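Undergrad: So the chains spell out like this:
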Amino acid sequence: MEKQFKDKESIEDVMQMQEPSKQNRTVKIESRNMELYYGEFHALKGINIAIKTNSVAALIGPSGCGKSTFLRSLNRMNDLIDGVKISGQVLIDGKDIYNSKALRIEELRKKVGMVFQKPNPFPKSIFENVAYGLRVNGISHKSFIEERVERSLKQAALWDEVKDKLKKSAFELSGGQQQRLCIARALAIEPSVLLMDEPASALDPISTAKIEELIYELKSDYTIVIVTHNMQQAGRVSDMTAFFYLGELVEYDSTKKIFTNPEDLRTQNYITGRFG
Amino acid sequence: MLKGIGVISWEFLTEMPKDGMTSGGIFPAIVGTLLLVLGSMLVAFPIGIMSGICMSEYVKDGFIKRFVTVMTNNLAGIPSIVFGLFGMEFFVNELKWGDSIIAGSFTLGLLAIPIVIRITEESLKSVSKTFREASMALGATKLQTTYKVVLPIAMPNIVTGLILSLSRVSGETAPILFTVAAYFLPKLPNSIFDQVMALPYHLYVISTSGTNIEASRHMAYGTALVLIIIVLMFNLLANWLRKYLSRKVKMN
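If you read the sequences in order, they're chains R and G.
Under numbering that gives the first Met the number 0, think of the first position of the first sequence as 0, with each following residue one higher.
Under numbering that gives the first Met the number 0, think of the first position of the second sequence as 0, with each following residue one higher.
Derived from the structure by calculation, the hints contain no laboratory data.
Capping the alpha-carbon separation at 30 Å, the derived lysine-lysine pairs in DSS-like fashion look like this: (1) R:Lys218 - R:Lys94; (2) R:Lys164 - G:Lys147; (3) R:Lys162 - G:Lys242; (4) G:Lys147 - R:Lys117; (5) R:Lys100 - R:Lys84.
Please read all numbers here as calculations on a predicted model, not as lab measurements.
Go ahead and model the full structure; you've got the sequences and the hints to work with.
TA: Printed below as a string of structure tokens:
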């Protein structure tokens with residue numbers, strides 16, 4: 000448990016000062032004693048974690064361990080499911096996203112973008128897919144939207160492949176392209192956090208490599224939390240790794256430490272492939 | 000059908016019935032049927048579609064939802080004659096609309112509402128959850144998600160279902176029996192409080208209680224064929240619209 004509080008000093012730093020110069024060292028996402036129930040099922044047990052600004056945190060663990068549930072609680076996607084109860088605190092930029100009256104749920108989701116496991120573009124044109132987030136947030140200025148769509152597609156390394164067919168249906172793209180389109184769609188509304196729920200699990204190795212490369216590049220501007228089943232992937236893309244098991248956060252430390260010298264026996268067993 | 004083809008001619012479709020319905024045409028009945036279909040559409044679609052959206056997107060699972068679902072299914076299963084009697088009692092007598100297009104439209108509309116609700120609800124439910132999540136994750140409200148993402152995707156199915164419900168309405172006899180249909184009325188209606196003739200009822204009349212059943216037999220065949228063709232046209236239209244809309248929804 001001590002491990003998870005390693006960043007405690009810096010957490011307090013954030014609470015006091017919010018100077019931009021310190022941003023690289025500040026904490027972006029934090030949860031304190033967070034509990035989550037699906038009806039009677041206790042899915043997350045006392046999660047304490049702090050994720051730094053502009054870093055990549057990987058969440059690993061066997062299926063059903065709660066890592067996706069935790070990810071989805073960061074932009075309150077779990078609210079869509081009936082019977083979910085959450086206690087404790089989840090802070091983003093120091094604001095409690097579940098109790099703060101100041102933060103509307105739509106604003107939170109604008110700030111915390113999400114990419115899903117399976118590519119899920121809308122049955123609209125490539126352009127409209129990326130523009131959708133802007134439109135629902137009340138932006139209708141045409142050249143502004145065009146500019147933002149182009150920039151987002153470039154950020155997602157998709158622009159060169161689609162610039163001549165922006166009006167074509169998003170369904171004409173390959174799976175890997177669709178997933179990058181979904182990333183562009185999430186980037187278009189300028190979030191500061193990007194949540195990725197196994198973004199490459201439905202893709203072939205080449206597309207996966209492209210997504211990973213993308214994550215590496217996006218790191219400089221975004222705080223990224225990625226759920227993955229693929230431990231090599233966690234090792235390649237993340238700075239910090241959190242190991243979840245049966246609803247508990249077993250260990251959270253630098254990726255290097257987790258993969259070379261984990262403290263907890265369960266982490267060790269999982270990393271070395273003894274279960275899960 | 001073969002016996003009907005010989006009867007159909009331009010005059011048959013456009014002329015008033017003559018000689019105690021043994022000759023002439025069925026024009027007022029065709030117009031009457033189309034008016035009733037249009038009227039019931041105006042009654043059933045807004046209420047039915049909105050209820051369907053509400054049931055699928057907004058009402059949480061629980062007692063109320065189960066109760067309404069069971070009731071809707073029950074309503075959809077009630078014999079149409081019961082709707083006819085209700086329409087006569089409520090619209091014709093209670094509201095004093097008399098035997099009129101408006102009373103008939105409301106009666107047929109009531110008949111169609113449960114079907115429309117089911118169709119809308121089922122079509123919306125079949126839209127994958129991933130689209131809703133994607134939209135909500137971009138900061139869209141529930142209303143925006145429903146209106147901009149879910150409805151367009153469900154639209155081909157909804158439209159097809161709606162037209163099929165119309166083709167059912169256009170063939171109903173019992174609900175219009177006591178509320179609107181005229182036995183013999185060789186003129187077009189002037190207002191929505193007029194009576195009209197309608198194809199299904201006209202067919203019923205000339206084949207069971209006409210002035211001269213034998214003499215009007217060929218008229219009955221012709222009328223039946225016209226009714227079948229109208230229903231067929233509705234179904235073809237539904238088919239075409241579905242294809243058209245599903246192409247459109249992917250593109251735009």
